[in-house]
Structure formats: C-alpha cells, structure tokens
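Following the hints, complete the assembly by docking chain X with the ligand onto the known chain W.
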Amino acid sequence: MTKHQLNPDTWINLYADQLLSYALVRVPERDVAKDLVQDTFFSALKSKENFRGEISEKNWLYLVLRSRILDYYKKRKEVLESDFGTDDDDDDSFDNKGHWMDGKLPKEWSTDNIIQNKEFMQIFLQCKSALKEVQAQVFTMKYIDGEESETICKELEILSSNYWVLIHRAKLQLRSCIEKNWFDK
Amino acid sequence: MINCKESTRLTIKKEENKITLRERIELSFHLMMCKFCSAFNVQNSWINGVSKHAEAHDSFSESEKQDLEVRMKDSTK
Ligand SMILES: [Zn+2]
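Chains as they are written, first to last, in this note's numbering: chain W, 24 to 208; chain X, 282 to 358.
So here's chain W without its partners, still in its complex pose:
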C-alpha cells in the first residue's frame, strides 16, 4: 500500500476553502469558522510527526478540523448553560394549554426540488444560526453529523432530559423560521 504524504506548503491553496465551508455549516459565524481552520493548520503542523500516511492528507485535515469543532462546542457549552431551558419555560410555539399559537400553526409546504437549491440552503443555515447556540450545536451534531443522542449527551456532558428539550425547541424554531423565510415568500 502506498503511504500518503503531507505537503503543508500546499494546504492553504488546496484545502482552506473546503475546510472553511465545512466549518461554516457547523458554527454560528464566519469568523469562528476562519479561526477553526487556522487552528486546524497550526495543530496539523505541530502533530505532523504523528501522521502515519494511512489516510489521505485531506481526510487527515478534516479529522483535525472535526476535533477542533468538538473542542469549540465543549468550550462554548460551558458558557451557554443558562440557555438550556426547561420544558416549563415560556415557549412561543404553544399556549399554556399546549395548543399551537396562531402565528405558529404549520402550513402546507411544497417541497419539490428544494434540496439542491443553494438559496434554500442559505436560508436553512441562517435559520440554524438564529437558534440559541447550544440548540444549534445539538441540532448540528444530531442531524448534520448523524451522531447518536447518547454520544452527544456524553460529549457535551448534558442530561438526556436537557437534550430532548433542546432538540424539541430547535426543531420548532427551525421549522417556523424556514416557513416564514422560504415557503411564505
């Protein structure tokens, strides 16, 4: 089997934009994504002796970035504890009897040919960024990266009851934001 090599001089031109786009789907702001890519290159340079050539340079850099993103989530989660919320908090989707509020009643959507639409994808990401940050984190880990809920709770050190409240809120807000900014237009 041929061993893969590292060529740090080519990283910026070959991978910076792809890594930036990958990070942008997963963190709330471009500046954060930019810093994460920079950290990825720095820590890849530092640990280049550990690279054993078993995966491609590109896949290796993606792994480094993913671990940087997870570290960022963990660090942010510490300061976001107050955003967790409980099921009894004010909830603008339902009244106190648990009925849909008038402005939040789901309407019919016609969803043909939307997934490939780049403008829709922008709206989707904007709506995700509009969520409370910790809601956006668990949503991203669960639905974009396909992690199990147990894994997410363990990594972020949150209780499963907190997890379900966060996911429930995230889904309600995201649905309503997508409806308002795409299907109602």
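Take these hints with a grain of salt, some might be off.
[To be verified] Not everything, but these chain X residues come out facing chain W in the computed CB check (under 7 Å): (1) Phe-321; (2) Ser-332; (3) Ala-337; (4) Asp-339; (5) Ser-342; (6) Met-353; (7) Ser-356.
No wet-lab data here; the hints were simulated from the structure. Backbone N, C-alpha and C define an ideal beta-carbon position, used for all residues, glycine too.
Using the frame of chain W, we list chain X with the ligand on its own:
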C-alpha cells in the same frame, strides 16, 4: 389525550424509538385528528433529510490567505 406540544415532542422522540407503546398509540390518534401536527410530522422528517445535505460555499479572500500563510510560517519558528 395528548396536546399539540406533547405530540410534537413525541414526534421527535419517535425518530430514535425512544417512546413507549402507549405514547405511540396516543401520537397516532392525535396525528389523525390534528392537521397541524400532521403537517409538523411530515416537515420534521423532511428537515432531517435536508440537514444531511447541508453545505456552504465560502472561500478565503486573497489577503486572508496571505495572512494565514504568514501565520503558519511563524507558528513553526
Ligand atoms: Zn396537534
């Protein structure tokens, strides 16, 4: 009988098979009677599918790249 808030909560929990048989039955009843939660149920699954395809298309500007290059060189000194 469950209300709409509870029905949306169960709709999401059901994805991971984390609901009891009784909850599943109550959810089915509710979805048959409530067109709003029924729409939520469909849209929720659709959003799951969309999420798997989430992508962005951005790039570093030339000056950002030059900046990055300088910092990478510095970081190895
Ligand atoms: Zn309902």
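Against the structure, the hints come out as follows:
| no. | hint | in the structure |
| --- | --- | --- |
| 1 | Phe-321 | holds (5 Å) |
| 2 | Ser-332 | holds (4 Å) |
| 3 | Ala-337 | holds (4 Å) |
| 4 | Asp-339 | holds (5 Å) |
| 5 | Ser-342 | violated (10 Å) |
| 6 | Met-353 | holds (6 Å) |
| 7 | Ser-356 | holds (5 Å) |
Of the hints listed earlier, the one the structure fails to meet is number 5.
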